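**Q** These are the residues of each chain, in order.
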Amino acid sequence: MEYTKGIIVSVNEIGTGIFDMLVKCQGIADAAKPGQFVCIYSDDGAHLLPRPISICEAMNGYLRLVFRVAGFGTKELSGKTSGEEIKLLGPCGNGYPELAGDQITVVGGGIGIPPMLYLARKCSENGMKVTAVLGYRDSKTFLKEAFEAYADVIIATDDGSLGVKGTVVDAMKECNTFDKLVCACGPMPMLKGLSTYVEGKGGCALISLEERMACGIGACLGCIVKTKEVDEHSHVHNKRICTEGPVFDSKELDFNR
Amino acid sequence: MNTKVNLAGVELKNPVLTASGTFGSGMEFSRFVDLNKLGGVVTKGVSVTPWEGNPTPRIAETTGGMLNAIGLQNPGLDVFLQRDLPFLQKYDTKIIVNVCGHTPEEYMKAVERLSTSVADLLEINISCPNVKAGGITFGTDSKMVESITSELKKLTKKPIFMKLSPNVTDITEIAKAAEAGGADGISLINTLMGMKIDINRRTFALANKTGGLSGPAIKPVAVRMVYQVSKSVKLPIIGMGGIASAEDAIEFLMAGATAVSVGTANFHNPKVTEEIAAGIEEFMRAKSIKDINEIIGCVE
Ligand SMILES: Cc1cc2nc3c(=O)[nH]c(=O)nc-3n(C[C@H](O)[C@H](O)[C@H](O)COP(=O)(O)OP(=O)(O)OC[C@H]3O[C@@H](n4cnc5c(N)ncnc54)[C@H](O)[C@@H]3O)c2cc1C
Ligand SMILES: Cc1cc2nc3c(=O)[nH]c(=O)nc-3n(C[C@H](O)[C@H](O)[C@H](O)COP(=O)(O)O)c2cc1C
Ligand code: FES
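Protein sequence lines, in the order shown, are assigned to chains A and B. For the first sequence, the positions run 302 to 558 when my numbering is used. For the second sequence, the positions run -3 to 296 when my numbering is used.
There's no promise every hint is true.
[Unchecked claim] Calculated cross-link-like contacts (lysine-lysine; reagent style BS3-like; alpha-carbon spacing at most 25 angstroms):
1. Lys527/A - Lys205/B
2. Lys376/A - Lys149/B
3. Lys306/A - Lys325/A
4. Lys334/A - Lys466/A
5. Lys33/B - Lys105/B
6. Lys33/B - Lys388/A
7. Lys306/A - Lys267/B
8. Lys527/A - Lys149/B
9. Lys481/A - Lys529/A
10. Lys139/B - Lys149/B
11. Lys441/A - Lys474/A
12. Lys267/B - Lys388/A
13. Lys306/A - Lys33/B
14. Lys481/A - Lys445/A
15. Lys267/B - Lys325/A
16. Lys502/A - Lys527/A
17. Lys153/B - Lys230/B
Quick caveat, the hints were computed from the structure, so don't treat them as lab data. Bear in mind that the values here come from a model prediction, so they are computed numbers and not experimental data.
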């Protein structure tokens, strides 16, 4: 993990309010694993906390970050132009373990789609058959073609304007696809529903969580998630999403606390 | 050039410390900061038993600052003594252990056990706004502050610094109570109680509803309180609240603090504590200051 500078190569709007940014940052890109994230600092002294953004792709010294404009920090980031510098910290978090096996399903919902791309590529390169289930609001998709290079893509939309109408779980049922190993990122209700479904079928769901962060490195205890067992580090039922996460086996988590 | 300062008999190589709760026990930050370059590390509040802390969200950004409601999550004293203190012992820096409790008895138990540890100094948090019992309820009542201080003093030879809350009408009254109870020093300020509403979700930004405000936004309040307290008691002061640069730190020293703690700024720049220590030396060189003690409390 390093605290360093990156140089913006390009920023493109690839959906309404969704930006695709390429950053040159050798150190972080070389170390990055799928599922990890970077913390990006604002240039504005009134906005102190880092913005966590997942690593969508890492290759040859470049990081690809895809983000939705949600407030001050992401708006500022979306306005960056080629050649500008940003301060960032990373790679943060555990990321996905090196996965092996015959096949895997990767699931992304909304702005949880980008981080699954790097994983899909890695799994595909490791010879796994990858199915990608992507949930969008409507037919305005993003990164769909990128996934098609590594995976069989199944689409779910809230309004039914493309693919299966409904949730990613609805789409998995309707397309009759299931792998014992499912990796997912997206909104909490989606992750809960998916985890219940996958666990119910005897599978394993590795899900990537979000929480408000202050330090991004495990020191402030701001970003915890409740766990069933007492955690080895905290000695209470809390794990740090920035450090032990953001990727968790759903079975570890206590969704009811 | 001398950057050494003395906190109730504990000599720091420079006045830069970390603020409790923002730096863990230094492990995570040690990959960015050479802990040997700091005057000391002030650890996250520790209690006799493990505490779960508050529900999330625990963090909210505000203009020039942040709110937190961690709720003093900590692994408890057993783990702290076995894991965290031995880690810090490897460094040439002073160890200041921040202590919290729900009841006077819990503080006493913790201090008693820490009295035989390698800690150089104990900072007693009687000012956390985020826990229901203990914390701030002690720190806003001067009788309570005096009695708890004197009870704790009986239990250890280590210097005891009482950490005060800014959420009081007259901070000097509380500082005097700590002095009367036999405190060896005062730390201030803890966070200011605040609130943020998420207007899109029509609810509180923090699960705890209220949280503690920290960061540059509170610095002028903190400088004022350090000044007032330094004029009303004879004890050394650890000053904090919004320090993000060497210049900020020097303000606190001039207001009367013997040492400073850097908190929220670590979240914006993980290397900031080391940079502040170096920046203070640079300032001293530029202004031909031979001894840092010359500027401590230099404003009248
Ligand atoms: C591990 C992780 C990975 C993420 N990956 C991506 C990604 O790849 N693409 C993407 O678009 N978004 C991602 N997010 C969400 C992203 O961090 C927020 O959208 C962003 O921080 C919003 O900042 P802002 O200044 O634009 O919004 P503001 O609302 O102005 O932010 C105010 C504060 O709240 C925090 N905050 C707001 N929303 C979130 C959120 N959802 N999660 C955590 N903190 C938040 C901000 O960091 C900031 O401290 C990720 C979040 C986490 C925790
Ligand atoms: C996330 C966070 C956790 C904190 N935890 C503690 C704590 O455990 N004990 C304590 O005495 N103060 C705690 N504080 C208060 C700080 O030590 C400090 O008094 C305050 O934040 C003001 O300094 P700053 O503006 O430099 O952050 C915490 C502050 C923050 C932001
Ligand atoms: S953000 Fe500080 S512990 Fe995770």
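**Q** A separate judgement is required for each hint: does it hold in the structure or not?
**A** Taking the hints in turn, this is what the structure says about them:
1. The straight-line distance between the Cα atoms of Lys527/A and Lys205/B is roughly 19 angstroms, inside the 25 angstroms bound, and the hint therefore holds.
2. Distance check on the hinted pair: Lys376/A and Lys149/B sit about 53 angstroms apart at the alpha-carbon level, beyond 25 angstroms; violated.
3. Taking the CA atoms of Lys306/A and Lys325/A, the gap is near 9 angstroms; set against the 25 angstroms cutoff, the hint holds.
4. Using a Cα cut-off of 25 angstroms, the hinted pair Lys334/A and Lys466/A is violated, with the two alpha carbons roughly 32 angstroms apart.
5. This hinted pair does not check out: Lys33/B and Lys105/B have alpha carbons roughly 32 angstroms apart, beyond 25 angstroms.
6. Simply put, Lys33/B and Lys388/A have alpha-carbon atoms about 24 angstroms apart, close enough for the 25 angstroms limit, and the pair holds.
7. Between Lys306/A and Lys267/B the alpha-carbon distance is near 14 angstroms, which keeps this suggested pair within the 25 angstroms criterion.
8. A hinted pair counts as satisfied when its Cα atoms are at most 25 angstroms apart, and Lys527/A with Lys149/B does not qualify at roughly 37 angstroms.
9. For the proposed pair Lys481/A and Lys529/A, the alpha carbon gap of about 22 angstroms is at most 25 angstroms, so the pair holds.
10. In summary, the hint linking Lys139/B to Lys149/B is supported, as the alpha carbons are separated by about 16 angstroms, within the 25 angstroms threshold.
11. Straight-line distance between C-alpha atoms of Lys441/A and Lys474/A comes to about 23 angstroms, which keeps the hinted pair within the 25 angstroms bound.
12. Pair hint Lys267/B plus Lys388/A holds up; C-alpha atoms about 13 angstroms apart against a cutoff of 25 angstroms.
13. Restraint check: the Cα-Cα separation between Lys306/A and Lys33/B comes to about 24 angstroms, which is no more than 25 angstroms; the hinted pair holds.
14. The hinted pair formed by Lys481/A and Lys445/A meets the criterion: a straight-line CA distance of about 23 angstroms does not exceed 25 angstroms.
15. Taking the CA atoms of Lys267/B and Lys325/A, the gap is about 22 angstroms. The hint holds against a cut of 25 angstroms.
16. Our distance criterion of 25 angstroms between C-alpha atoms is met by Lys502/A and Lys527/A, whose separation comes to about 23 angstroms.
17. With a C-alpha separation of about 19 angstroms, the suggested pair Lys153/B and Lys230/B falls inside the 25 angstroms cut-off, and the hint holds.
In the structure shown, a violation is registered for the earlier hints numbered 2, 4, 5, 8, in ascending order.
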